[in-house]
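*Asks:* For reference, the chains in residue letters:
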Amino acid sequence: MAEEVKKETPAAFKVTIDNITIDVAPGTTILNAARSIGGDVAPPAMCYYSKLEGSGGKCRTCLVEVAAGSTADPRPMPKLVASCRTTVMDGMIVKNITSEKVTDARNGVVEFLLINHPLDCPICDQAGECHLQDLGYEHGKEGTRYQFARRTFKREDIGPYIQLHMTRCILCYRCTYVADQITNKRVHGIVDRGDHAAISTYISRAVDNDFSGNMIDVCPVGALTDRTFRFKNRVWFTKPVDAHRDCENPECCGKATLWLRGEEVFRVTARKDQWGEVQSFDGKPGWICNTCRFDKKETKDWTIEGQTLVARHSVIGANKYKKLEMPAETIKEVMNGRDPKLMMNIHNVSEVNNPNIQLSEIEGPAHSEDFNRSAEHVAGEGESTQWGMKK
Amino acid sequence: MQALTNRVKVVERKPMSLWERLYIPAILKGMAITFSHIFKKKPTINYPEKKRPFSPVFRGLQILNRDEEGRENCTACGLCAVACPAEAITMEAAERAPGEEHLYREEKYAAKYEINMLRCIFCGLCEEACPKDAIYLSETFTPADYQRKQFIYNKTDLLIPHPQEDPEAYKKALGNRAKNQTVN
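Chains A and B, in that order, give the protein sequences.
If you read the first sequence in our numbering, its first letter stands for residue 113, the second for the next number, and so on.
If you read the second sequence in our numbering, its first letter stands for residue 351, the second for the next number, and so on.
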């Protein structure tokens, strides 16, 4: 009987992804190995979330081709594998963007994900930071081949702060993992099966846990959105800044991104890393509590550290100038000390961004009466003389 | 000095001849050209009695569109504002309250919508960006005014007339180029 030579497991596995070879620790998934290379090599992931245990394996967007299983057994894997669930082997050769099969399969997966997705991006508050939008932009087709009725659900308020649009959900299960692993009491999950599967609370019980707001952050689409931010503004018109505060809650990391419009805090989210996941601080994921997220909506509650870095391709970076150097005003000098005469102050004329309407102070979305009420209010006010202008 | 191109014409500065000094022939020559124009076709158009047709690609004043039932198409998605290279468009969104379904097409609408016509360069990128066929550039231009503040166009200035209450004005505002169906 031939003696089988049992080799010891090497300390690091050599794996080649898209012709780039790296050493990773045994037990690393292909997805995480690819992420350590970074860039386009990392497969997109809609359901896998590195900070949530057990997540992944549901959306199939991270499919990759394994051209050689390992040095010991260099046969290719017969089918495309989900890279978030497949661990690397020594000498494994993985093809992601270099494989036509993968691109093809991913296009198909995106088409499947979009079968029931309503494409109401012009209304959806997630637009601009939606992972499905990015994925559809890269892999999606322009039209749909689906001809049947899409599954629709009624909009649901789960708790005072979170709104559930089940129609937009892609069933990634991330929010149920948040409920399981971060909050101490799980009150929501997936009910029904197959096409009827829906995220819901147990007989409309409110989700009122202190960390329930984090399910908004983990949701890759606009299914779970911040009710306090609903329709307030588009994300790309708000300016993200990094800020922190001393939170009383010991579990809360207190580091967040504020989304500002002028001095108003429209929204507070956890800080995201380059993969769209919650950033880790000192090895711990930076989840924030609901007090930080929903109640501290004034700049004085926070210590602002500076502007958040936005990825170059992101629409959120549009029309934002990181370093704006204003030239020195010379008119006064030239005009013998006389101030320039302004022809018009836009703030006196414009009705948008009215200082008397504090959208951030309205609890839910603004309605027509919010604007009408303040219009009367403004009519009674004196003219603004900030610029010494007459209306 | 050597000329840079072959199109250089050297100015002659020699004294005028007797024929040139008489002036009369030159005047007659000039008047002949003037009077010959009386018999030519007049290129002037008497605006505003007569108006020149616009080019089919003319981009004029923006219009906020309504659907056949008169509901506003705009959902305040902000794509026009982010596409605008002059940063002329601003808006604020609101949620459609129950009972307002006949006013707005979708659950979100633009409560405030403003175009600063002093900034607008009529590039038409807002029309291109719009996913709801809600804004398009019409076949008229912005009327002149005496005050700058009149050029901040709000929703009352921009909205197309109601197609059922005032179908004639609606048709006129829609123009010939508007797409016939609205995209859902």
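For the record, the hints were derived by calculation from the structure and aren't laboratory data.
Treat each hint with caution, since some may be false.
One-sided excerpt, in silico: chain B residues whose CB lies under 7 Å from chain A [as the list claims (entries may be wrong)]: (1) PRO435; (2) CYS470; (3) GLN514; (4) GLU518.
Here are the simulated DSBU-like pairs of lysine-lysine, each with C-alpha atoms no more than 35 Å apart in a straight line [as the list claims (entries may be wrong)]: (5) A:LYS207 <-> A:LYS266; (6) A:LYS432 <-> B:LYS391; (7) B:LYS359 <-> A:LYS453; (8) A:LYS434 <-> B:LYS505; (9) A:LYS126 <-> A:LYS207; (10) A:LYS351 <-> B:LYS499; (11) A:LYS384 <-> A:LYS207; (12) B:LYS359 <-> A:LYS412; (13) A:LYS435 <-> B:LYS505; (14) A:LYS409 <-> B:LYS359; (15) A:LYS351 <-> B:LYS390; (16) B:LYS499 <-> A:LYS434; (17) B:LYS359 <-> A:LYS351; (18) A:LYS434 <-> A:LYS412; (19) B:LYS505 <-> A:LYS409; (20) A:LYS396 <-> A:LYS384; (21) A:LYS444 <-> B:LYS499; (22) B:LYS359 <-> B:LYS400; (23) A:LYS367 <-> B:LYS505; (24) A:LYS453 <-> B:LYS379.
Beta carbons: idealized from backbone N, C-alpha and C, even for Gly.
*Asks:* Please go over all the hints and tell whether each is borne out by the structure.
*Replies:* How the hints compare with the structure:
The interface hint given for B:PRO435 is broken, as the beta carbon of that residue sits about 10 Å from the closest beta carbon of chain A, more than 7 Å. The interface hint given for B:CYS470 is violated, since its Cβ lies 14 Å from the closest Cβ of chain A, which is over the 7 Å cut-off. At its closest, the beta carbon of B:GLN514 sits 21 Å from a beta carbon of chain A; the interface hint therefore is violated under the 7 Å criterion. Against a cut-off of 7 Å between C-beta atoms, the interface hint on B:GLU518 is violated, since the closest Cβ of chain A lies about 28 Å away.
Note on A:LYS207 and A:LYS266: the hinted pairing is violated, with a Cα-Cα distance of about 41 Å set against a maximum of 35 Å. Only pairs whose Cα atoms come within 35 Å are accepted, and A:LYS432 paired with B:LYS391 is rejected, the gap being roughly 55 Å. With a CA separation close to 49 Å, the supplied pair B:LYS359 and A:LYS453 exceeds the 35 Å bound. With a CA separation close to 32 Å, the supplied pair A:LYS434 and B:LYS505 stays within the 35 Å bound.
Between A:LYS126 and A:LYS207, the direct Cα distance comes to roughly 15 Å. Compliance with the 35 Å bound is thereby established for this hinted pair. For the suggested pair A:LYS351 and B:LYS499, the alpha carbons sit about 28 Å apart, so the restraint of at most 35 Å is met. Simply put, A:LYS384 and A:LYS207 have alpha-carbon atoms about 27 Å apart, close enough for the 35 Å limit, and the pair holds. In summary, the hint linking B:LYS359 to A:LYS412 is not supported, as the alpha carbons are separated by about 74 Å, beyond the 35 Å threshold.
A hinted pair counts as satisfied when its Cα atoms are at most 35 Å apart, and A:LYS435 with B:LYS505 qualifies at roughly 34 Å. A C-alpha spacing of about 74 Å is found between A:LYS409 and B:LYS359, which places the hinted pair above 35 Å, so the restraint is violated. Of the pairs offered as hints, the one joining A:LYS351 and B:LYS390 is violated, with about 63 Å between alpha carbons and a cut-off of 35 Å exceeded. For the given pair, B:LYS499 sits about 30 Å from A:LYS434 by alpha-carbon distance, which is consistent with the 35 Å threshold.
A threshold of 35 Å between alpha carbons decides the hint, and for B:LYS359 with A:LYS351 the separation of about 61 Å lies outside it, so the pair is violated. Distance hint between A:LYS434 and A:LYS412 is fulfilled; the C-alpha atoms sit about 22 Å from each other, no more than 35 Å. Proposed proximity of B:LYS505 and A:LYS409 is supported: the alpha carbons are some 30 Å apart, at most 35 Å. Pair hint A:LYS396 plus A:LYS384 holds up; C-alpha atoms about 13 Å apart against a cutoff of 35 Å.
Under the criterion of a C-alpha separation no larger than 35 Å, the hint pairing A:LYS444 with B:LYS499 is consistent with the structure, at around 25 Å. Proximity of B:LYS359 to B:LYS400 is assessed by CA-CA distance (about 43 Å); at most 35 Å being required, the pair is judged violated. Between A:LYS367 and B:LYS505 the alpha-carbon distance is near 40 Å, which puts this suggested pair outside the 35 Å criterion. Between the alpha carbons of A:LYS453 and B:LYS379 the distance comes to roughly 53 Å, so the proposed pair goes past 35 Å and is violated.
In terms of the numbered hints stated before, the structure departs from hints 1, 2, 3, 4, 5, 6, 7, 12, 14, 15, 17, 22, 23, 24, listed from lowest to highest.
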